[in-house]
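Undergrad: According to our numbering, the stretch in the sequence shown is residues 1123 to 1383, in order.
Treat the hints with care, as some may be off.
25 Å max Cα-Cα, derived PhoX-like pairs, lysine-lysine [claimed, not checked]:
#1 K1363 <-> K1334
#2 K1342 <-> K1248
#3 K1304 <-> K1363
#4 K1304 <-> K1248
#5 K1304 <-> K1247
#6 K1248 <-> K1226
Here are the simulated distance ranges between beta carbons [what the hints assert, rightly or not]:
#7 E1335 <-> K1226: 36 to 42 Å
#8 D1237 <-> E1189: 18 to 24 Å
#9 E1335 <-> S1232: 29 to 35 Å
#10 S1324 <-> L1206: 32 to 38 Å
#11 N1186 <-> S1321: 39 to 45 Å
#12 P1187 <-> K1159: 37 to 43 Å
#13 R1274 <-> G1194: 46 to 52 Å
#14 T1329 <-> K1159: 16 to 22 Å
#15 A1192 <-> Q1305: 18 to 24 Å
#16 D1170 <-> T1329: 44 to 50 Å
#17 E1335 <-> E1153: 25 to 31 Å
#18 S1227 <-> K1322: 25 to 31 Å
These are computed hints drawn from the structure, not numbers from a lab.
Positions of the beta carbon are idealized from the N, C-alpha and C atoms, including for glycine.
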Amino acid sequence: MVLEAFAQGKDLNDIAPGERLMSAYTVKLKERREVAKNTMAFLVEKPDGFDFSGGQSADVTLINPPETDAEGNTRALSIASAPLEHDLMFVTRLRDTAFKRVLKSMPLGSEIKIDGPFGSMTLHKKTARPGVILAGGIGITPFRSMLVQATRTNTGHHLIVFYSNRRPEEAAFLAELRDLAKQHPNFTLVATMTGIEESKVSWTGETGYINKEMLAKYVKDLTEPVYYAAGPPALVAGMRKMLVEAGADQDEIRSEDFSGY
């Protein structure tokens, strides 16, 4: 998953925005596994001193790859693993680019470079305010980090996740998110499919695109939450427009566009 642009990292704990120093690390590829149709997770060593918050990202650079193309050897990828987890995990759709062909085929143990963390789409600190997450497709990856951290450490946040995909087969981490929702009463998962007629999997959940009516079904007061949105640019723009029309404060909508993933 490739983010179109990044702001420098926001504060971690009590460090003010802009005061964090970014670092480059050389790490080894430990594991890769498919997490949805045409979607693969890559696990690398987490370097000592690499501190990040759920929702942040890093630049991933191939070192002397056997092939390259006009898109280059570096991608900005959301960190899908939670800060409490042992390894760093990055997830991407498998498009036919030199970067992704090399990443998919390089031997385990190969070295890559990571720079970061970057990004300010981190979980708000005032737990009295609910958080509502709107994710489309591969846009779930930064939220997987955020949700695992929040639920396993019992931060006290009440989080509602609206997760839209065409089919269950394409929904990365769907089973894991369902399990988290069962285990933690303050976490509600609302998964919806927009092309379920193309699926070979039975589905009894929501269908159709995320809209104001679907939000109102699960969120009592649409003006109260802090909102988070990630996915293709058109989806994010549509979500922001819908939220503002529903009465949400524009300053309380945090988003990232994922383009070209």
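Undergrad: Going back to the hint list, which numbers does this structure go against?
TA: Numbers 3, 6, 9, 12, 13, 15 and 17 - these are the hints that the structure violates, sorted from lowest upward.
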